[in-house]
Amino acid sequence: MRHIDPGLQYIQPNGELTAEGRVVWEEIDPQLRLDFYRWMVKVRLFDRRSIVLQRQGRIGTYAPLEGQEAAQVGSALALTTLDWIFPSYREHGVAMIAGMPLDRILLYWMGRVEGNLAPEGVRLLPPAVPIATQLPHATGAAWAAKLKQEPSVSVAYFGDGATSEGDFHEALNFAGVFNLPVIFFCQNNHYAISVPFSRQSATLTVAEKAAAYAMDGIRVDGNDVLAVYDVMAQAVQRARNGGGPTLIEAVTYRRGAHTTADDPSRYRDEQEAQEWIKYRDPLDRYRKLLHAEGMLSEAEERLWEETCKQELEEAVRAAESAPAPPASHLFAHVFEELTVSQRRQLEELNRGEGNDKDE
Amino acid sequence: MSEKTLVQAINDGLRVALKNHPDVLIMGEDVGKNGGVFRATEGLWEEFGDDRVIDTPLAEAGIVGTALGMAINGLRPVAEIQFMGFIYPGFEQIVSHAARLRTRTQGAYPASIVIRAPYGGGIRAPELHCDSTESLFVHTPGLKVVVPSTPYDAKGLLLASIADPDPVIFLEPMRLYRSVRGEVPEEEYQVPIGKARMVREGEDVTILAWGAMVPVAEKAAEEWSDKGVSCEVIDLRSLYPLDEETIITSVEKTGHVVIVHEAPRTAGVGAELTALINEQAFLWLEAPITRVTGYDVPVPMFALEDDFLPNPKRVSQAIEKVISF
Ligand SMILES: Cc1ncc(C[n+]2csc(CCOP(=O)(O)OP(=O)(O)O)c2C)c(N)n1
Chain A
1 MRHIDPGLQY
11 IQPNGELTAE
21 GRVVWEEIDP
31 QLRLDFYRWM
41 VKVRLFDRRS
51 IVLQRQGRIG
61 TYAPLEGQEA
71 AQVGSALALT
81 TLDWIFPSYR
91 EHGVAMIAGM
101 PLDRILLYWM
111 GRVEGNLAPE
121 GVRLLPPAVP
131 IATQLPHATG
141 AAWAAKLKQE
151 PSVSVAYFGD
161 GATSEGDFHE
171 ALNFAGVFNL
181 PVIFFCQNNH
191 YAISVPFSRQ
201 SATLTVAEKA
211 AAYAMDGIRV
221 DGNDVLAVYD
231 VMAQAVQRAR
241 NGGGPTLIEA
251 VTYRRGAHTT
261 ADDPSRYRDE
271 QEAQEWIKYR
281 DPLDRYRKLL
291 HAEGMLSEAE
301 ERLWEETCKQ
311 ELEEAVRAAE
321 SAPAPPASHL
331 FAHVFEELTV
341 SQRRQLEELN
351 RGEGNDKDE
Chain B
1001 MSEKTLVQAI
1011 NDGLRVALKN
1021 HPDVLIMGED
1031 VGKNGGVFRA
1041 TEGLWEEFGD
1051 DRVIDTPLAE
1061 AGIVGTALGM
1071 AINGLRPVAE
1081 IQFMGFIYPG
1091 FEQIVSHAAR
1101 LRTRTQGAYP
1111 ASIVIRAPYG
1121 GGIRAPELHC
1131 DSTESLFVHT
1141 PGLKVVVPST
1151 PYDAKGLLLA
1161 SIADPDPVIF
1171 LEPMRLYRSV
1181 RGEVPEEEYQ
1191 VPIGKARMVR
1201 EGEDVTILAW
1211 GAMVPVAEKA
1221 AEEWSDKGVS
1231 CEVIDLRSLY
1241 PLDEETIITS
1251 VEKTGHVVIV
1261 HEAPRTAGVG
1271 AELTALINEQ
1281 AFLWLEAPIT
1291 RVTGYDVPVP
1301 MFALEDDFLP
1311 NPKRVSQAIE
1321 KVISF
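Protein chains in written order, with the numbering used here: chain A, 1 to 359; chain B, 1001 to 1325.
No lab work stands behind these hints: they were computed from the structure. Glycine included, every Cβ here is placed at the ideal spot set by N, Cα and C. Check the hints yourself; a few may be wrong.
[To be verified] Per the computed footprint, the stretches of chain B lying under chain A, defined by three or more beta-carbons under 8 Å from a beta-carbon of chain A, are:
1) 1030-1036
2) 1052-1058
3) 1086-1093
4) 1124-1132
5) 1293-1306
[What the hints assert, rightly or not] Part of the chain B face toward chain A, derived, beta carbon under 8 Å:
6) ARG1265
7) THR1266
8) ALA1267
All chains should be built: construct the whole structure from the sequences, respecting the hints.
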């Protein structure tokens, strides 16, 4: 059996820094150290609240991310507002950090198209639902940046399952051939719904696939927010300086179900999940470090959690009170102008043919 | 006989095929250990093992393309595409290869594969999970396209599709997976491809529908029957080839036609049906054929789903329109 690279680690599961980690820790802005914590907590609370909302029938099927907070927070905090983000459907943490309001994220899960659009100035695209389809877009946006000589970097977020699709190959291949400022950020959470990574790939890691495209491939402990941040920051800098693309594999674990419609006990050993939860949780590890460094007290923790919860409740209220669009909204943004057939169909709709709501 | 839901009937059909035909195998994403995201393949991996119920990598071009390769070499794969909205990476393999392999090899390699895919709206599924793109496949010569709307038909059509020497796109209306129940025989039986099902006989209006629109059409027909208008509801079941005889015979009897499909109107299968009726039964028509369909817009996210999908009220209005013409 080949040795599997465990991935770069700075913060050990017991919360202690490695020697290399200590160096990085001392170099980063103390504010950022707190931001890591704050965002991870907010993301986790958002996730848990969303699951409850789904159970209560207040949002539709939802994709939970608990366990992947460090991968998302560490990577997203290494980006600037110049950079383009092409997420998949599990990246609520990334979206929040990029500047997507919480209520809009919730609207998406309420089946509202308004939840797809990020505010002006936020270079975040709607979640890509068909797996791996967003990767070529990231490559293309990076290509445009290069052609226009803009300093922006593009990032595609995706899971381990996505590496099996043809789009993965094509996006990375273009990025390699044209030496583009793009980062392929894979959260290897070990499963694509029920299918383990060993069924996606005969290689033991995602990172080693980078060799086929002559780009850097880095495997990092995805539950170590500091290591993720550092690896991402370096990749961003390399890309901005013309150094080309990077494939990052953040090794993590989806603690819960694939979506609220999924039952992981059918395909996953509960013991395995418990081990990740008990010994490799990204937030526990980081909390321990902050406590040891004297940067966080239990009172401050509770205060921050309360602040997040209030913000969340406000977001839920805002999302639930956002006025529902009329049926005619179906036609609102299909083309710049309605076509002849659409105009006729819209008239039918407006005449009340087809609107069941008044029954 | 036992009572089953539509998804249980599919599961049963797959089990019977695996049991009776050693060349049949199942492949797709999450079809093995997980039993399929809708449980269509539940228990089959345990019963038949990893070589016959195969969890594949997440790659639709790979699934369809390798299924075709297996068929070339003598197996009969039943490939599952997890949702029809994710079939497109495999579209190239379907259109450029599966559909025309027989032609290109002058019959030497008939491409005996079945591609199953859940499809359609009505279950508040996430974005892009709810499209009805049957017409893309109906429009591709070399493919057969079938859609059951009852448990009995689901099992029988599935077994007919697996036995069929040509590629069959087998579409499963998600909305009906668990909402319809019916008696399903235990043994192997086939519902022939190319034959429609007479859901309800009538004299005044012919309603053509398939998949999840069949119960919608039935409901409207019932309403009108209370008002003394008798509607004949036909479940096409097979979109290619069409059961022209049943359709035309009905139109010649009623002279009024309403077509219901959830796909957008332009170039939907309803357009083909309209042309067919024009060509073959024009002189029997007493009113223009009326279509009740999704609109020419991308299938919306679920908050507006009910405004997009045809419902009994819209079908009812269309019935009124044709009879009062
Ligand atoms: C092209 C395509 N095929 C199938 C699906 C159905 N599906 C949704 S999520 C998923 C698994 C994705 O796994 P992975 O890429 O590892 O990401 P994760 O969900 O673990 O974050 C599948 C098969 C899809 N959305 N798109």
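Here is what the structure says about each hint:
Only when three residues or more bring their CB closer than 8 Å to a CB of chain A does the claim for the segment 1030-1036 of chain B stand; here the count is 5, and the claim holds. A stretch counts as covered by a chain when three or more of its residues have a beta carbon under 8 Å from one of that chain; for the segment 1052-1058 of chain B and chain A the count is 4, and the coverage holds. Only residues whose C-beta sits within less than 8 Å of a C-beta in chain A count toward coverage, and the segment 1086-1093 of chain B has 3 of them, enough to reach three; the restraint holds. With 6 residues bearing a CB less than 8 Å from a CB of chain A, the segment 1124-1132 of chain B meets the requirement of three and the coverage assertion stands.
Taking a C-beta to C-beta cut-off of 8 Å, the segment 1293-1306 of chain B contributes 11 residues in contact with chain A, enough for the three needed, and the coverage statement holds. Taken as an interface hint, ARG1265/B checks out: its beta carbon lies about 7 Å from the nearest beta carbon of chain A, inside 8 Å. A cut of 8 Å between beta carbons decides the hint on THR1266/B: the least distance to chain A is about 6 Å, and the hint holds. Annotation: ALA1267/B was flagged as interfacial toward chain A, and the flag is violated, the nearest CB pair being 10 Å apart, outside 8 Å.
Violated hints amount to a single one, hint 8; each of the other numbered hints is respected by the structure.
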